[in-house]
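**Q** Sequence:
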Amino acid sequence: MAIRSTPPPMTPGASSGPYYAVLLGAEGWLHPGWQGEFYPDDLPEDWRLAYYCTQLHAVFLPHAVWSGAAEAEIRQWLEDTQPGFRFVLEPGPAGVADTSMTALFGDRLGRIAPRADPHLLWFDAQTDLRQLKVAIDAAPKPLYLFSRDAHLPTLRQVATLIELMGY
39 MAIRSTPPPM TPGASSGPYY AVLLGAEGWL HPGWQGEFYP DDLPEDWRLA
89 YYCTQLHAVF LPHAVWSGAA EAEIRQWLED TQPGFRFVLE PGPAGVADTS
139 MTALFGDRLG RIAPRADPHL LWFDAQTDLR QLKVAIDAAP KPLYLFSRDA
189 HLPTLRQVAT LIELMGY
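When you read off a place in the sequence shown, starting at 1, and then add 38, the result is the number in the working numbering.
Calculated from the structure, these hints are not laboratory results. Any given hint might turn out to be false.
Stated by the list, open to error - Using C-beta positions, here's what the derived DEER-type ranges look like:
{"id": "1", "residue 1": "Gly130", "residue 2": "Glu201", "range": "31 to 37 Å"}
{"id": "2", "residue 1": "Gly130", "residue 2": "Ala110", "range": "17 to 23 Å"}
{"id": "3", "residue 1": "Gln120", "residue 2": "Val172", "range": "41 to 47 Å"}
{"id": "4", "residue 1": "Glu111", "residue 2": "Ala173", "range": "29 to 35 Å"}
{"id": "5", "residue 1": "Trp85", "residue 2": "Glu109", "range": "19 to 25 Å"}
{"id": "6", "residue 1": "Pro70", "residue 2": "Ala176", "range": "32 to 38 Å"}
{"id": "7", "residue 1": "Asp162", "residue 2": "Ala107", "range": "36 to 42 Å"}
{"id": "8", "residue 1": "Lys179", "residue 2": "Ser105", "range": "38 to 44 Å"}
{"id": "9", "residue 1": "Ala107", "residue 2": "Ala132", "range": "28 to 34 Å"}
{"id": "10", "residue 1": "Ser138", "residue 2": "Leu167", "range": "20 to 26 Å"}
{"id": "11", "residue 1": "Gln195", "residue 2": "Pro100", "range": "21 to 27 Å"}
{"id": "12", "residue 1": "Pro191", "residue 2": "Ser138", "range": "37 to 43 Å"}
{"id": "13", "residue 1": "Ala154", "residue 2": "Asp79", "range": "34 to 40 Å"}
Beta carbons are placed, not taken as given, at the ideal position from N, Cα and C, and that holds for glycine.
Sequences and hints are given; from them, build the entire structure.
**A** This is the structure we're talking about:
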């Protein structure tokens, strides 16, 4: 079952793809519970990011994930995703990111942000959608809206919500 909502671009996209005011995603894309429900049963693991980016606009990567990735792996992530897709990187323990690694992401880097960044809004299965709507409206844009628990029914509801809101 698809999640993808297709919000209207806020400004015309160049080579980096369209700009969206609200980008929906999750923390990471490798969730065991998604096999067969989100990802097709026969989809190889190394194709999951390519599929993920057809349904969602961004992914949050914890520092341990992106800082431990080899340059070749990051280049593969970029090849596997569409131009408008964004990676949000959690900064390292000292609050900074390795500029040589983040430079690899180029215009695909949405932001380097701690989990408490005002441009990041988190939700989970217990989130009240009415309160989430108010928070989305009040938040600075662009806004990265991430599922904390990768709960697919809630992701689908939030995708519908942002589509109805016109984001």
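**Q** Hint by hint, note whether the structure agrees.
**A** Each hint, compared with the structure:
One distance hint, 31 to 37 Å for the beta-carbon pair Gly130 and Glu201, holds here, with the actual separation near 35 Å. The hinted range of 17 to 23 Å is satisfied by Gly130 and Ala110, whose Cβ atoms lie roughly 21 Å apart. A C-beta distance of roughly 30 Å is found between Gln120 and Val172, which places it outside the suggested range of 41 to 47 Å. Distance hint check: the CB atoms of Glu111 and Ala173 are about 34 Å apart, consistent with the given range 29 to 35 Å.
Here the CB-CB span from Trp85 to Glu109 is close to 21 Å, well matched to the stated 19 to 25 Å. At about 34 Å, the beta-carbon gap between Pro70 and Ala176 stays in the expected band of 32 to 38 Å. Evaluation of the 36 to 42 Å hint for Asp162 and Ala107 yields a failure: the beta carbon distance comes to about 26 Å. At roughly 28 Å, the beta carbons of Lys179 and Ser105 sit outside the given window of 38 to 44 Å.
At about 19 Å, the beta-carbon gap between Ala107 and Ala132 misses the expected band of 28 to 34 Å. At roughly 41 Å, the beta-carbon separation of Ser138 and Leu167 lies outside the given 20 to 26 Å, and the hint is violated. Gln195 and Pro100 have their C-beta atoms about 25 Å apart, which keeps the hinted 21 to 27 Å range intact. Range check, Pro191 to Ser138: about 40 Å between beta-carbon atoms, so the 37 to 43 Å window is met.
For the pair Ala154 and Asp79, the beta carbons lie near 37 Å from each other, so the given range of 34 to 40 Å is met.
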